[in-house]
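Asks: Protein chains in written order, with this note's numbering: chain P, 1 to 214; chain E, 215 to 536.
Heads up, a few of these hints could be off.
No more than 25 Å apart at the CA atoms, straight line, and that leaves these computed lysine to any residue pairs for SDA-like [as the list claims (entries may be wrong)]:
#1 K491(E) with L13(P)
#2 K275(E) with P422(E)
#3 K491(E) with L173(P)
#4 K251(E) with I43(P)
#5 K508(E) with Q23(P)
DEER-style ranges, computed between Cβ atoms [to be verified]:
#6 Q426(E) with Q71(P): 44 to 52 Å
#7 G259(E) with L55(P): 40 to 48 Å
#8 S429(E) with R211(P): 38 to 46 Å
#9 S78(P) with F374(E): 42 to 50 Å
#10 P515(E) with Q71(P): 34 to 42 Å
#11 L174(P) with L470(E): 37 to 45 Å
Because the hints were derived from the structure by calculation, they are not lab data. Note that the coordinates shown come from a computational prediction; the quantities given were computed from them, not determined experimentally. For every residue, glycine included, the Cβ atom is placed at its ideal position computed from N, Cα and C.
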Amino acid sequence: MLPEVILAALILLVTFTFIVTRQLGAAVSTYAVQSWLLGGVSIALFADSHLIQLLLFGLLTIAVKGIAVPQILRRRSSFALAGRRETVYFVRFPTALLIGAGLTLIGFIVATRIPYPHQLLPESVLGIALAVLLLGLFTTTARRDAILQVGGLLAAENGLLLVGLVLAPGLSLLIEFAIVLDVLIAVLVMGFLVARMHQEVSTTDTSELTRLRG
Amino acid sequence: MALFRSHVLAAAVGQVVAILTVVGFSPLLKGVIENLKAKVQSRQGPSVLQPYYDLRKLLGKERTVTGNVSFLFRVAPYVVFATPVAFAMLIPVLTAMPLSWALMADMVGSGFVIGIGGFFGNLAAMDSGSPYGGLGSSRSRFVSSLAEPTFIVVFFAVGFISGGTVPFAVNGALFTSSSHIVPSHALVAAAFLMVVLAEAGRLPLDNPNSSQELSMIESSRLFEFSGPDQALMEWGGFMKLFVLLIVWLNVLVLPLGLADAITVPALLVAILTLSAKMLGAAVLLVGIESTLAKIRILRVPEYLGGSFVLAFLGLVLYTVGR
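This is chain P alone, in the form it adopts within the complex (with noise of 0.2 Å):
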């Protein structure tokens, strides 16, 4: 139980390096290292329960979400990452952060008002797994960046898998499939139209649009 609850932790700490990381690239670097320690939670979840969709599924989410989600992401944002490499928040940094502390208490306190199903993991795992989904919507709301937006969502989703993971271990297997697709269809998406954006605008900067134009 105990190598699950480090990881749990570490993707915690890792979720919070997301939020004060102000370069691009070194964001999306961040979400993979946070996907590879969700698959991480889920192999060694394995090796306690030796659920095999466990262990199937850790091995998918660290190929396409730790592997090739950030690399089409790179991709995508490379015209970004050529002409600025800083993005800002709506908010100032260290506010940001404090509101962090805050989504990450309240993600910890509302842990302990679900009923908690004594599954697998320990109810700290389910407080971290809420506090990063809130924080991932928080960087969703709040980055100025269109790319950093499309990595709050993911992370946000990351966090919702692992809260998953807390409440059902051992999902069906063809539900879990599912998931981890959509989401590499979803950033498909998401990055064209970041790069239709870039194209129309000049800027994935989202404070810049501001006019409706016909």
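The hints should help you fit chain E onto chain P, whose structure is shown.
Replies: The following block gives chain E in isolation, referenced to the frame of chain P:
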């Protein structure tokens, strides 16, 4: 009575071995870091023993002191050298059980001990009247005062979780308890590493290899020292990084392999495991220093504020999870 006496003797021997380990191996850590860093940059790099050669060279030179300094300038190198040595008595360097002098101070007290060295270093740097010395001490105070809240909250969190603030007593408590302290533990350990890097003048805040005076923090305080004084100041700096990393490794991250008794094989095993852990820490430091750029001085509050938030969150999550 005879047993008691031999116990005291054994504790004293253990303590001396621990101090000699810190004094003797800290330049090696510096040498290993420099060598690995050069390897990462595709250079051959200096020998891992280079810091020892430098220290020997400096100790053999004559001492030159400007005329307009007070006694502080002469005293400071000894204080800077002595404080990490005193600190080494208070933390679990090689042994898991507290030795006879270890209960002189808890974590807050040992924080004060390490602070005295920085204080004297700053006073001496300003004493010489060199503009770079003043700049360096002002900046290093700036960094240290911002790192202070994180240190305090880390001590609070660790003391809260383990029910004590003596580093030896804390040692096992973070690891033997239930899994709900793991998130807090990870956050506190990360926060502590961030402030250790800040305190020891390592890369995200201060480039130890910098040759530009205006961007220096720690090294600009050493400009006016020469000969044995400079050797003591530099050696004190190596030891400071070494003991802070020992606290991080042996108290917060991996307390494995500490000696349970003062016997020759147990102490040898402890020294070997410590070397292995230090090698791991050196690789980590090289990784950090090769991937991160030095952050602007005005962003230092963001970095240390981040470490504070992590430590505070570690403290709060522990209470929520209970």
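Asks: Indicate, hint by hint, whether the structure satisfies it.
Replies: Verification of the supplied hints:
no.	hint	verdict
1	K491(E) with L13(P)	holds, 22 Å
2	K275(E) with P422(E)	holds, 23 Å
3	K491(E) with L173(P)	violated, 40 Å
4	K251(E) with I43(P)	violated, 34 Å
5	K508(E) with Q23(P)	holds, 14 Å
6	Q426(E) with Q71(P): 44 to 52 Å	violated, 38 Å
7	G259(E) with L55(P): 40 to 48 Å	holds, 42 Å
8	S429(E) with R211(P): 38 to 46 Å	holds, 43 Å
9	S78(P) with F374(E): 42 to 50 Å	holds, 47 Å
10	P515(E) with Q71(P): 34 to 42 Å	holds, 36 Å
11	L174(P) with L470(E): 37 to 45 Å	holds, 43 Å
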